[in-house]
Amino acid sequence: MMELVSLTKSYDGVSVVKDVSLTVENDEYLTILGPSGSGKSTLLRVIAGLEWPESGTVFLDGLDIGDQLPHVRGLGFVQQKYALFPHLTIFENVAFGLRNRQTDPLRDENEVRRRTLDMLHLVGLDDLGGRMVGQISGGQKQRVSLARTLVAEPKICLLDEPLGALDANLRERMTVELRRIREALGVTFVHATGNEAEAMAMGDRMVVLDNGRSLQIGSPDQIYDLPASVQVARSLNAYNVMAGDTREGVFYHIGHPLPLPPGILDARYYAVRFGSLSILEAGGKADASDGSIEAAFIASEFVGSRMVYFFRDDHGDILEVEQHLSRSDPLDFSLGERRMLAWPVAEVLAFDAAGDLIAGTSRGIAA
Amino acid sequence: MSNTAITEQAPINSATRGNQHGLLRGKRHYLLLAPGVFWMLVFLVLPLLMMVYVSFWTQSTFAVSPDLTIKSWVAFFSSDTYFGALIRTLRIWLTVLALTLVIGYPTALFIGQFVRNKNTQTVLLVTCVVPFWTSFLIRVLAWRPMLGKEGAINILLQKFGITSQPIEVLLFTELSVVIGMVQIYVVFMVGPIAFMLARIDESLIEAARDLGASAWTIFRKIILPLSMPGVVVGAIFVSVMVLGEFATASALSGRKVNLLGNIILTQVGSLKWAFAAVIGVVLTVVMAIVITGLLRVVNLRREL
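For the record, the sequence lines run as chains A and B.
With the first letter of the first sequence counted as 1, position 133 gets the number 133 in the numbering used here; the numbers rise by one all the way through.
With the first letter of the second sequence counted as 1, position 283 gets the number 1283 in the numbering used here; the numbers rise by one all the way through.
No wet-lab data here; the hints were simulated from the structure.
Beta carbons are placed, not taken as given, at the ideal position from N, Cα and C, and that holds for glycine.
Hints are not guaranteed to be accurate.
[Unchecked claim] Here are the simulated SDA-like pairs of lysine to any residue, each with C-alpha atoms no more than 20 angstroms apart in a straight line:
#, chain 1, residue 1, chain 2, residue 2
1, A, Lys81, B, Arg1116
2, A, Lys81, B, Ile1205
3, B, Lys1221, A, Glu92
4, A, Lys141, B, Arg1116
5, B, Lys1221, A, Arg113
6, B, Lys1221, A, Val133
7, B, Lys1221, A, Val72
8, B, Lys1221, A, Thr103
[Stated by the list, open to error] Calculated Cβ distances over 12 angstroms to all of chain B for the following chain A residues:
#, residue
9, Asp27
10, Asp67
11, Asn169
12, Leu185
13, Tyr252
14, Leu331
[What the hints assert, rightly or not] Some chain B residues near chain A, calculated using beta-carbon distances under 7 angstroms:
#, residue
15, Lys1118
16, Ser1203
17, Leu1204
Excised from the complex, chain A in its bound form (with noise of 0.2 angstroms):
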């Protein structure tokens, strides 16, 4: 287990790490969602060492790691440009901690070779251990590097946007194999990712990291279900966000009336999922208690399983509907082309001036 006790970290006099505690349990894969620039990089780097914070320290099982070096941690840290030896051959990179760590290095080459070659096979890439690093493909790369950390046996592994420089196929087959990997070793990951998609397929729990502050922790669906704030909300890329003011329990979107679910009476942020709003037939009206706004088409993006299209209303702001192709085919729009979007009034959710969530909010009960 490990603890992070009020952690900061400043650059220049800018704060990058804001008094962040967290606890991160054994065995579990846990997910840092941040925009780039939100400082989870620089939350690792603490972590692992490599940087130092100016207050908060580190509890690793109940002992204070924060002024020891990062070589005698105990903690792995896979970096996000993978950092392979280039002089090196795949083996003799996973193989280099174990012979060459300062604290109980591997004398016996046997034991180094049996288990590099099943950390190897564990990743996945038995016939690559002569190849030099020039030699293998990204995801390859990344691969290594994460044997060469795992092959030590760290408590925790710490992992740095590791499949920010994948591409798409490669990275959805990684999801796959980080979490077998993690699952096979029983060790706890801690994975920063800007991606918020990849951050809550492959979380236990996540923590949302903005302007480094740890905004919210729980496991994935608690968030995108209740985003505690709307700054969680925004960066989950998940809800339409629109701001205004409430006066006598109605949401003004810049003078275009919202209903909010009864009982919310200072609503400044009004927010439903992509997911909730539904395109209403061209001239359709939408039902009295729902809440609705028009916009006008801008562009759709096919998703595989699913459809997402782009609207804006009359204020400028985009509204972004989903739509899951299991339910229906999709819709074809003309470029401006304007209608009414429409979503049940139980899927809103609204956040007070200070951006929290009122606890009023319907759906929230229900969950």
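Guided by the hints, dock chain B onto chain A, whose structure is given.
Just chain B, lined up with the frame of chain A:
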């Protein structure tokens, strides 16, 4: 010689690419090599062959005649003066090479690894070349008032009471030749090594640290091997220049230390062409062996 070995690759590559682009059809891209090949044949290969040939000519007091003999070769290897010069040349070369490495590597390590700002790196490397802003001769001769019996170093040593007598071995000895050469050639060691070190990605060192390696292990297993191409290139520069040296030796040794280069100079001066050719061949062979040996250390083609 090493240069031809490395640059050979480039024309061949661009030639095949030229083929694909259809810039030059058929085998016409080989024409691109013509000027270079012509130049090298006429001014390098032919003279080299000529030198080997002349080394077997018969030498009389004031003339050479093309009657083949091995007398000059026998004379070279049986004379203490000349064979001794070969040994001395090799000894000074090894000393200078070792010193430039010992002095140059830490400097390069500082510039390449610990100065992270590219501009500062450039400024520091340029600073290393400042001595080259004066002419070679002035640079060498400036050592005389420095190392002489009444030179700066002796005056300082005596003034601070470290020595009571002036140290005489400082000038006009092998030591002064070594000092002079190291000062001139160390920069050729620093440059290539610093260049290679600066190319090592910081993340490699972080990865090695994270894998548990201590600073010394990281240097030995990561930094040193990755900088070896720089060491080899620097060593080739220094070797080629030191092995062919004569000016530093004659200016700083008072003609007491004769290297192969100095002997070639005097032999040519006294019109002993056959004998000069023998030494020329010996020197060329030594350099070829040294460079081949150095290139064996690292596969430059793979690393650069």
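Cross-check of the supplied hints:
no.	hint	result
1	Lys81/A - Arg1116/B	holds (19 angstroms)
2	Lys81/A - Ile1205/B	holds (13 angstroms)
3	Lys1221/B - Glu92/A	holds (11 angstroms)
4	Lys141/A - Arg1116/B	violated (27 angstroms)
5	Lys1221/B - Arg113/A	holds (18 angstroms)
6	Lys1221/B - Val133/A	holds (16 angstroms)
7	Lys1221/B - Val72/A	holds (18 angstroms)
8	Lys1221/B - Thr103/A	holds (16 angstroms)
9	Asp27	holds (21 angstroms)
10	Asp67	holds (15 angstroms)
11	Asn169	holds (26 angstroms)
12	Leu185	holds (17 angstroms)
13	Tyr252	holds (51 angstroms)
14	Leu331	holds (47 angstroms)
15	Lys1118	violated (19 angstroms)
16	Ser1203	holds (4 angstroms)
17	Leu1204	holds (5 angstroms)
In terms of the numbered hints stated before, the structure departs from hints 4, 15, listed from lowest to highest.
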